[in-house]
Amino acid sequence: MDAIILQILNGLDKGSAYALIALGLTLIFGTLGVVNFAHGALFMIGAFCAVTLNKILTLGYITIDETQKDFLGNPLKVENTYVETWFGPELGAAIIDWSVPLAILFAIPVMVAIGFIMERGLIKHFYNRPHADQILVTFGLAIVLQEIIKYFYGANPIPTGAPEVFRGSLDFGVLLGFDPNVIIYPYWRLVYFLFAAAIIGAVFAFLQFTTFGMVVRAGMADRETVGLLGINIDRRFTIMFGIAAAVAGLAGVMYAPINSPNYHMGMDFLVLSFVVVVVGGMGSLPGAVLAGFLLGILESFASMNEVKSLLPGIDQIIIYLVAIIILLTRPRGLMGRKGVMEE
Amino acid sequence: MLGLDKRDATLLIIVTLLTMFAPFILNPFPEGSAMAQFNAGYPDLMQRFVIFGIFAVGFNILFGLTGYLSFGHAAFLGVGSYSAVWMFKLLSMNVVPAIILAVIVSGLFALVIGYVSLRRSGIYFSILTLAFAQMSFALAYSVLTPITNGETGLQVYNDDPQYLMGPDSPTVTNLFGLEMRSTYTLDMGPWSFDFNAGYYMCALFMLAAVYLSIRIFRSPFGLMLKAVKSNQQRMNFTGLNTRPYTLAAFVISGMYAGLAGGLMASMDPLAGAERMQWTASGEVVLMTILGGAGTLIGPILGAGFIKYFENIFSKINDSVLHQWFAFMPDGLEDFMVFIIHPFIGKGWHLTLGILFMLVVIFLPGGLVEGGQRIAAWLRSKTPGAKDETTKSTEPAE
Numbered sequence: 001m002d003a004i005i006l007q008i009l010n011g012l013d014k015g016s017a018y019a020l021i022a023l024g025l026t027l028i029f030g031t032l033g034v035v036n037f038a039h040g041a042l043f044m045i046g047a048f049c050a051v052t053l054n055k056i057l058t059l060g061y062i063t064i065d066e067t068q069k070d071f072l073g074n075p076l077k078v079e080n081t082y083v084e085t086w087f088g089p090e091l092g093a094a095i096i097d098w099s100v101p102l103a104i105l106f107a108i109p110v111m112v113a114i115g116f117i118m119e120r121g122l123i124k125h126f127y128n129r130p131h132a133d134q135i136l137v138t139f140g141l142a143i144v145l146q147e148i149i150k151y152f153y154g155a156n157p158i159p160t161g162a163p164e165v166f167r168g169s170l171d172f173g174v175l176l177g178f179d180p181n182v183i184i185y186p187y188w189r190l191v192y193f194l195f196a197a198a199i200i201g202a203v204f205a206f207l208q209f210t211t212f213g214m215v216v217r218a219g220m221a222d223r224e225t226v227g228l229l230g231i232n233i234d235r236r237f238t239i240m241f242g243i244a245a246a247v248a249g250l251a252g253v254m255y256a257p258i259n260s261p262n263y264h265m266g267m268d269f270l271v272l273s274f275v276v277v278v279v280g281g282m283g284s285l286p287g288a289v290l291a292g293f294l295l296g297i298l299e300s301f302a303s304m305n306e307v308k309s310l311l312p313g314i315d316q317i318i319i320y321l322v323a324i325i326i327l328l329t330r331p332r333g334l335m336g337r338k339g340v341m342e343e
Numbered sequence: 001m002l003g004l005d006k007r008d009a010t011l012l013i014i015v016t017l018l019t020m021f022a023p024f025i026l027n028p029f030p031e032g033s034a035m036a037q038f039n040a041g042y043p044d045l046m047q048r049f050v051i052f053g054i055f056a057v058g059f060n061i062l063f064g065l066t067g068y069l070s071f072g073h074a075a076f077l078g079v080g081s082y083s084a085v086w087m088f089k090l091l092s093m094n095v096v097p098a099i100i101l102a103v104i105v106s107g108l109f110a111l112v113i114g115y116v117s118l119r120r121s122g123i124y125f126s127i128l129t130l131a132f133a134q135m136s137f138a139l140a141y142s143v144l145t146p147i148t149n150g151e152t153g154l155q156v157y158n159d160d161p162q163y164l165m166g167p168d169s170p171t172v173t174n175l176f177g178l179e180m181r182s183t184y185t186l187d188m189g190p191w192s193f194d195f196n197a198g199y200y201m202c203a204l205f206m207l208a209a210v211y212l213s214i215r216i217f218r219s220p221f222g223l224m225l226k227a228v229k230s231n232q233q234r235m236n237f238t239g240l241n242t243r244p245y246t247l248a249a250f251v252i253s254g255m256y257a258g259l260a261g262g263l264m265a266s267m268d269p270l271a272g273a274e275r276m277q278w279t280a281s282g283e284v285v286l287m288t289i290l291g292g293a294g295t296l297i298g299p300i301l302g303a304g305f306i307k308y309f310e311n312i313f314s315k316i317n318d319s320v321l322h323q324w325f326a327f328m329p330d331g332l333e334d335f336m337v338f339i340i341h342p343f344i345g346k347g348w349h350l351t352l353g354i355l356f357m358l359v360v361i362f363l364p365g366g367l368v369e370g371g372q373r374i375a376a377w378l379r380s381k382t383p384g385a386k387d388e389t390t391k392s393t394e395p396a397e
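Protein chains in written order, with UniProt numbering: chain F, 1 to 343; chain L, 1 to 397.
Same shape as in the complex, but just chain L (with noise of 0.2 Å):
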């Protein structure tokens, strides 16, 4: 289907279905419930989902791929929201030009800073790609200000252009005439979900990203480019010149960032340069590794994990941590939510750092290969089931 083989077509449908049913998913449990607070069903929290998936999983083209670790690529996602607000700006508030421009823009940008910083492989590449980001950073906030508005922040003002705009145009972004913001509330008896345009477009975006990825994945290309992982030095030898194959990879993945970034202006038409920040580009490398590098689906669960518990987390205080404890005994009680207190709420990075550490160290795949090993001891236990069973995914060592 698609020209995907039966495996990847099967991984395609399992993600199509959970994003389009995701408000359904993410509100298991039903409205005023003490459960509630676990829901992320709400149109912000499930847009940041899929915009920072399309984000790792582009990422992971570069990173998963050629093991090229970048750690600029946040510069991409601030260019990509900085020129979609300047079509908001100049054009009108439709998210279609800003989108297409987003993409090229960064594109470009990842086409003059990719050209430059593949010249180097390794530690050197790392320390490039951080250097041109700090640099559009402090670009961004210091000289830069008549482009990107300095500290402030790019956003829409009354007295901008906006050329296309017609006397009954919408004043929020929409995608011709459908306000992103725009959210259909379906309640079923002590359960409602919203159903939120902005979220479904960026849905779909991050659907066609994720069938690129995995035909990019399947193709020549991204075998010459798992060739350039392995062994570089043996590609040189037989002649090949590796460079256009990673610079090629690192223009789609600055792409990929590129939408994000439009995307992200999409939903809400600001643009800061703190997007643009080596810790923005730090977040997409904890997503990516979390999830399991080189797979297809983990950037996506990477994403998706630390934005739920990012906001799960730092929802948690010490007066929930007491009713969940509520039935010990005082002293434990407390000595309980004491334990505790340092990971929740705003101690969330510290949970984060640890995870991250912990999966750097014993899971070098990430979740996904976490649920293969769970699937694997599993499957030992049932006497008589064969080992060659498929996987839906594998790390692309």
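Isolated chain F (complex conformation) (with noise of 0.2 Å):
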């Protein structure tokens, strides 16, 4: 029981992730009928956005402290942060503890202007042509955009540390009745499930309560009529390719306490966070973000050593291979509309 309670939250954080950018994912494909595959490339952006605000507040010059001597008896050398010269050093060094919750504010603007940038710039040009040249220009795309990154912040992922106060573990086990030290599950990943959690409620809040919601899921059913009953689709449609960046660069910010930052953690997301939309269904964002739990967890049984000595490396092939049956058996996914790329 307590093993099976640890793998659960175990593929929760991981889950979040997936159905983080398979929202933003879906939300692009039934909007925009594109098929984004520089998604990971925005999820990568955003993991950067913390490491540059990281590097920003951590800003600082030298000093020379006359007072103290290091080992070889010269005067001592100290760095401060303009951050804590600024705000004192109590506030400064907050500042910059919390410098990846505080990269969520920096990265909605930076995430939707790139949004915005990416659909009027390039993806608005290929809404006539066939999926197989969307796939193409925005695989080109996600190249470029991870080289531009590899090119400024070097190719070794770069450690970014979560506030420290979210640096332990909790006993989870404990809460449930169990023994100590049986499910310990750590701070930050909690926090991950809570956000996503709340970015997965906001946008469907977004497009369930709002005129502006309502318009874009008319939109998503039928364009055309939409289109003929005096509104501009096109502009919502824009507004929501940024707030599914946004999405994605989120879902990259959060994670990366969770994972050093490097520049091909986009490739590595957007195939399996590919094989959860297709197995949720294109275009369904209930089963974009119920597929990215599932398979989340999915993956984190397969990776029990019981299941492994049953089955030798299950645990690497196993979304895949859930993605293979899915697409023969119910090529709409687990939730996908009737009709929706059923081919």
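None of these hints come from the bench; they were simulated from the model.
Source: prediction; values computed, not measured.
All the pointers check out, no bait thrown in.
List time: in silico BS3-like cross-link candidates among lysine-lysine, alpha-carbon distance up to 27 Å:
#	chain 1	residue 1	chain 2	residue 2
1	F	Lys-55	F	Lys-150
2	F	Lys-55	F	Lys-77
3	L	Lys-6	L	Lys-226
4	L	Lys-229	F	Lys-124
5	L	Lys-315	L	Lys-346
6	L	Lys-346	F	Lys-150
7	F	Lys-55	L	Lys-346
8	F	Lys-150	L	Lys-315
Derived DEER-like restraints, expressed as beta-carbon distance ranges:
#	chain 1	residue 1	chain 2	residue 2	range
9	L	Leu-363	F	Leu-170	53 to 59 Å
10	F	Thr-58	L	Ile-374	50 to 56 Å
11	F	Tyr-187	L	Arg-234	57 to 63 Å
12	F	Ile-56	L	Gln-37	39 to 45 Å
13	L	Thr-10	F	Leu-328	44 to 50 Å
14	L	Thr-279	F	Thr-58	31 to 37 Å
15	L	Glu-274	F	Leu-328	24 to 30 Å
16	F	Arg-120	L	Pro-342	22 to 28 Å
Beta carbons are placed, not taken as given, at the ideal position from N, Cα and C, and that holds for glycine.
Both chains are given apart, each in its own frame, so use the hints to dock them into the complex.
Here it is in structure tokens:
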């Protein structure tokens, strides 16, 4: 029992990342009908937003402290960060410590802007071209974005820490009446899951309860008719693209402490997120979320030692296997609408 | 000639001449001159040109003719490499059984994957092939280690059985005694040209592959595949089952990939799982699109283009750039170097990505279409010339 709970918990944080990326992917597909292979790159850029903010906050200057000596007997060089000088040592240190959550504020405008530029500058011209062309051009874009990040940040992963408060682990088992130290779950992963749930909830609420969301949903169902009613659906879809980019970016920002960002993390997640979208159903938002969590948890179950000894290598391929079975038996996915890309 | 019409025969002859004289053509600059770094006539690179040419020509039979975009073709290349190395381990270092087995095994593998994947089309097909390729990659890395030797990569060891190995058989890859790495260097004044046995064997294979692909393009079978691309639904409405045709195309292109993998292992008896990764599949897509999907010569051009610039661009560094721009005033020189720096050396993939995007956006027919447009433009400039002159190739739209 405790092992099962542990695996479910382990699957949740990866599942959250899958769900968030898949949500954005399927939002773009549902609104614009575009298959965006560059979405993983947006996730990666989000993670590097966290890195960038951290770098900016820790910018500093060096002063020489004559009162202290280093081990060679020379006056000690002390590094000061501007933030600490401006806000005082305590508040400054706190700001630096909380750089990853703060990066959310930094990432939203950046990601929305990138989303707008991408949609207006490139993807707009691909609405009427075949899906293969869309895949190819966004694949090219993904390579370009990835290489730009590599140029500025190098090829090595950059560790970016969570705030001090969240560094420890929660003894989850005790809460449920198990022995201590049986089910341990890092705080930050819990935060990530709650954050993902909040974002997903916000996106759904936005689509469900606002007039804007209503128009977008109408446009997803029948774009032409909404256009004929005198609504500028293109502009709203562009905004949705920006939102989808922001969702992917935020997923990346918060993922930075879990996995040190490197330039190819987007590509790694992209393939899996596509599989998630397909399993959930192309264009179905609840399907993407459900499939994201489901596959995340399934993956962590498959990596249990008991399962691995029974079926060696299953943890590596379980997601693909599920996708193949789903595609062959139920091509519209778990929750896809009937007739959407069933061919 | 050989069942080809005049235009295709001319094309084949041009390709033959280019590959046979490649050691001369690719080494136009004298040894030791400043331009010598643009020479591409060394055996290793020339082998890669033709091997990736085969790979891309095969991919084009699937994507160019049927429009099915496979994102998992590198899996077949990897399987081909593994089977070839196993032949070296079990029999002898002769490349003939290795290449035969590589083609057969990858063909069977393609049959299985194609049978499942081709039940879907469009983006679902791409994702299915991607999923299969990633699965093969993950398995080759982990569970199948007894067969694939995991992360280390499969290679030939001294204690391998090698049942057909005689006492004085060569211990490097060979074709009935002719060592693949043997190279004859011809020195002519300051120039030097390398004639490599392995390269010529690969080149012959590529010519055969190109010939076969021309025949497929011009056959009723090829016509059927083009019909699938332009409107599969209509084909189905006429009561025709298209799946056997697409499956045949898939298996053929899988066998081409396996041949490329087998040749790769024959040149260097190593096989690693990273050859199967989806970025490797992406590379062959890049080559085919860049050169011109659906054209006969496009994929070879694309493969040559990418492999050439990959090598050359990664060799250029800042000091070379400073030499080039030395004629400029200092500030301007530094500025130019600063501007170009991200695109060279390790930044080659950035250049490739940008180039690829530009091609997809503005030149969906690839380099071949670009060539045709330039040719048409030149023709329009010379008055009196007729517009309906022969073009060497034509996109299969």
